[in-house]
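Protein chains in written order, with my numbering: chain A, 47 to 222; chain B, 986 to 1285; chain C, 42 to 472.
Hints are computed from structural coordinates only; laboratory data are not their basis.
Incorrect hints may appear among the rest.
[What the hints assert, rightly or not] Computed spacing ranges between beta-carbons, pair by pair: (1) B:S1059 with A:D128: 31 to 41 Å; (2) A:N133 with B:T1077: 39 to 49 Å; (3) C:K313 with B:S1177: 14 to 24 Å; (4) B:K1020 with A:K140: 21 to 31 Å; (5) B:T1077 with C:R394: 50 to 60 Å; (6) C:E358 with B:E1165: 38 to 48 Å; (7) B:S1211 with C:N205: 20 to 30 Å; (8) A:K71 with B:R1016: 23 to 33 Å; (9) C:K313 with B:E1165: 27 to 37 Å; (10) B:K987 with C:E472: 36 to 46 Å; (11) A:D139 with B:K1020: 10 to 20 Å; (12) A:Y195 with B:R1039: 48 to 58 Å.
Think of the CB as a built atom: it goes at the ideal place given N, C-alpha and C, for glycine as much as any other residue.
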Amino acid sequence: MEKELLNEQEIERILTRITSEILEKNKGAENICLVGIVTGGVYLAQRIAKKIKETEGIEVPVGVLDISFYRDDVSLSNKPRDIKPTNIPFSIDKKRIVLVDDVLFTGRSVRAAMDALMDFGRPEQIQLAVLIDRGHRELPITANYTGKYIPTAKTEKIKVYLKEINGKDSVVLMSQ
Amino acid sequence: MKDLIGIKELSRAQIEEILNTAKAFKEVLQRDIKKVPTLRGKTAINLFFEPSTRTRTSFELAEKRLSLDVLNFSVPTSAVVKGETLYDTLKTIEAYNVDYIVIRHSSSGAAKFIADHTEASVINAGDGINEHPTQALLDAFSILEIKGRIDGLKIAIVGDILHSRVARSNYYLLSKFDTEIRFVGPPTFLPSHPPENVKVYYRLRDGIKDADVIIMLRIQLERQKSGFIPSLKEYYHFWGLKKEDLSFVRDDAILMHPGPMNRGVEVSTEVVNDPRAIILKQVTNGIATRMAVIYLLRRS
Amino acid sequence: MIIKIYNAYMIDPFTAKEGKVDLTIEEGIIREVKFKERRTAPSLKSQILQIDAEGLYLFPGFIDMHAHLREPGYEYKETIHTATLAAVKGGFTTVCCMANTNPVNDNPEVTYYILAKAKDEGSCEVLPVGAITKGLKGEELSEMALLKEAGCVAFSDDGMPVMNSLVMKRALQYAKAINAPIISHCEDINLTEEGVMNEGKLSFYLGLKGIPAASEEIMVMRDIILCKYYRSPIHIAHVSLKSSLEIIKRAKQEGIMVTAETCPHYFTLTEKAIGNYDTSAKVNPPLRNEEDKEAIKIGLKEGVIDVIATDHAPHHEDEKNVPFEEAANGISGLETAVSLSLNLYHEGVLTLRQLVEKFTLNPARILNINRQGIKEGAEADLILVDVNKDWIVDKNKFASKGKNTPFHGWKLKGKVLMTIRGKNIFDMREE
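With the rest of the complex left out, here is chain A (with noise of 0.2 Å):
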């Protein structure tokens, strides 16, 4: 069973109110730096990016991230998915760094991602921009930004189609 929680429109709403939250919060957009967790949170900061240049005319840095060497809930059966580089091509020393992620679970990812960004240096501030939190926390993280809260059965899914990488936007619960 499919049900679509999220289409193009409301998704495009979602950034545009996420990227206005995060100049709020930080009173613009000098010193920030945003970090995509690979593969969706990429294509996410990056228009996030696009939007506050938009807004600010500020070109704010873009890294991606990929956590696989950082995480501590892979399977140890499945195949390790596609690995791509990371790519942090500024210092983060001192930045205030937004992670950007598509759906935010356990939180295992983003513990994930907030060890391996400690190894590129020290932020003076880590802050989480996702698009859907679906609850079932099992560390104590919590967005600074959320696009929607949607509550989930653990057995259900959440998939996220991106223009970038599925030719449209879309997010869809799918249930067993």
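Dock chains B and C against chain A, hints included.
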């Protein structure tokens, strides 16, 4: 996959997955903190029955950068011959509860033997004249990094093909891509029944002509004593890659050597210093490639 | 004790007789061989062992010209006791044991020891093969005449070739005088180098050092040349190559006194049996190609190969449970040889008569040993065979200590059901 015994057992897709993963690890190696916590709490043992500082160091570094606990177990072959069988040694090590065994042994098939008798993941770091898979993978990674592709390349492997596990693993790997493979060397160093997809050259300059990649093999100095070649001097004269030969090498070719080199036997100093030589790059890439292999052999 | 075998189909190359018989054996001696047309119903006298052998074959006891019994010196691999049990289980009532024991059988003391052991603990006849050279070193001739007197029936440095042609020449001259054949292990060890399998594409693929065909071929050729010049018979052991066969065939056509043997693994397996470094398929000479395997069959059919021998080479598990290169050479063959050879009959390569000759008449002639065959007044020396019985090889059921077989788990057709030598009866019908 539990083990990496040889390239011959790998599919092209598996090779590409390893090379792709190695790219991600290469990025890790360029950070200030060159270590990731991936395999924290797991243990690797480097079981070396043949001395090899380079390969062992490379594996050790790769393991440490994956946060593995590392044990080194170097066994002089003579001590083994006297008493303990390989099976006994293996069972002792298994009792340490290790997760990864990296093995170097002078007998072809030794890595397979170990893998058949243990639950740990086994990585072949060279077995006899059979295979040295991580060397071929790091060579492929280096070629890919510079050339952007492996398909369509002409690769000349020069030297003692017959006794070289590096040559064999490279041959198997390159055979899984659309490549032209050449074996170059004196007849006593070439297989009497070469595979169909290989071109054999006895003259160095014919063999390296138009080649995109030239892999020079290390000549084991004891080969001369066992009569395979009359002298190292003669070998150098005819099959060593020297300054005079460089003008016959394509401008965009890359020159490779698995190390350690014998200057004045298979290569001259001018060749080592030539901008086309990427010997040191191979060393760096070796760590990233080995990290990728270990990472991908996670146990289920 | 009286044994009666009814309705067996007898093929006896020694008496050149063939046909359906009832056989009576009394106290180990054949009392009556009754040829007949019809099936006889066994009578029911209880003091005699009665066997209704309808559908079964009766052959003279088989002779294995080439086995390694390992005693003295390597009792951990095999003993005369276990090897001869394996032999009778496999259908052999005579086994020739090679000289590479420790000490080497290069002096009469060792020969006496082997014969005494065989008499005390053996289940079949053991005929020692003496060493050609002292210590199998290929340098000085052993005391061949004394060895012959002590009971050796042939001479061989098997396992090690006699590399020096002058030494081989002298051995051949000597052997002629004492009327005992030289059994030659044909291998140029310089060419073999450190080889562990057949040289070819597969050896390159597996990264194992290869043994070139030339290594066997050259020595076959050399031995035949010596044999021709000195008119002294030579028997070529374990022929594995098509090219060797061609040389032997030509020599036979020229009337040179050469005979040859092969072993079941050379007409059953190819180098592919090594698979992924399976040490049970490591043997010397090495397993060869499909082409060689087929040529060996033709050689058997055409009579270029006179004898099928086992080259029974038992080893301890620890000697095979090592990396391929370090593993010992050899296959424990006594208990599978006859069944594997019967496959040649099923495939139509050999008639049963031809097959039986290669295990009986031919080895007896080459070894100059007297065999009367299945006839009245002769000592019972025979086997009862069901050529169609299907069975599965289980190395753990081997009587031999050597469990090193590449045929474990194979389904074979044809089995020896009973072996009788004199008063000894070995009944495998229930197995």
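Here is how each hint holds up against the structure:
1. B:S1059 with A:D128: 31 to 41 Å: This hint holds: roughly 37 Å between Cβ atoms.
2. A:N133 with B:T1077: 39 to 49 Å: Since A:N133 and B:T1077 have Cβ atoms about 44 Å apart, the given range 39 to 49 Å holds.
3. C:K313 with B:S1177: 14 to 24 Å: Distance hint for C:K313, B:S1177 holds at roughly 19 Å.
4. B:K1020 with A:K140: 21 to 31 Å: Holds: the Cβ-Cβ distance is about 23 Å, inside 21 to 31 Å.
5. B:T1077 with C:R394: 50 to 60 Å: With a Cβ separation near 57 Å, B:T1077 and C:R394 satisfy 50 to 60 Å, so the hint holds.
6. C:E358 with B:E1165: 38 to 48 Å: 47 Å, holds
7. B:S1211 with C:N205: 20 to 30 Å: Once the Cβ atoms are compared, 22 Å apart, the range 20 to 30 Å for C:N205 and B:S1211 holds.
8. A:K71 with B:R1016: 23 to 33 Å: 29 Å, holds
9. C:K313 with B:E1165: 27 to 37 Å: 29 Å, holds
10. B:K987 with C:E472: 36 to 46 Å: 39 Å, holds
11. A:D139 with B:K1020: 10 to 20 Å: 19 Å, holds
12. A:Y195 with B:R1039: 48 to 58 Å: 55 Å, holds
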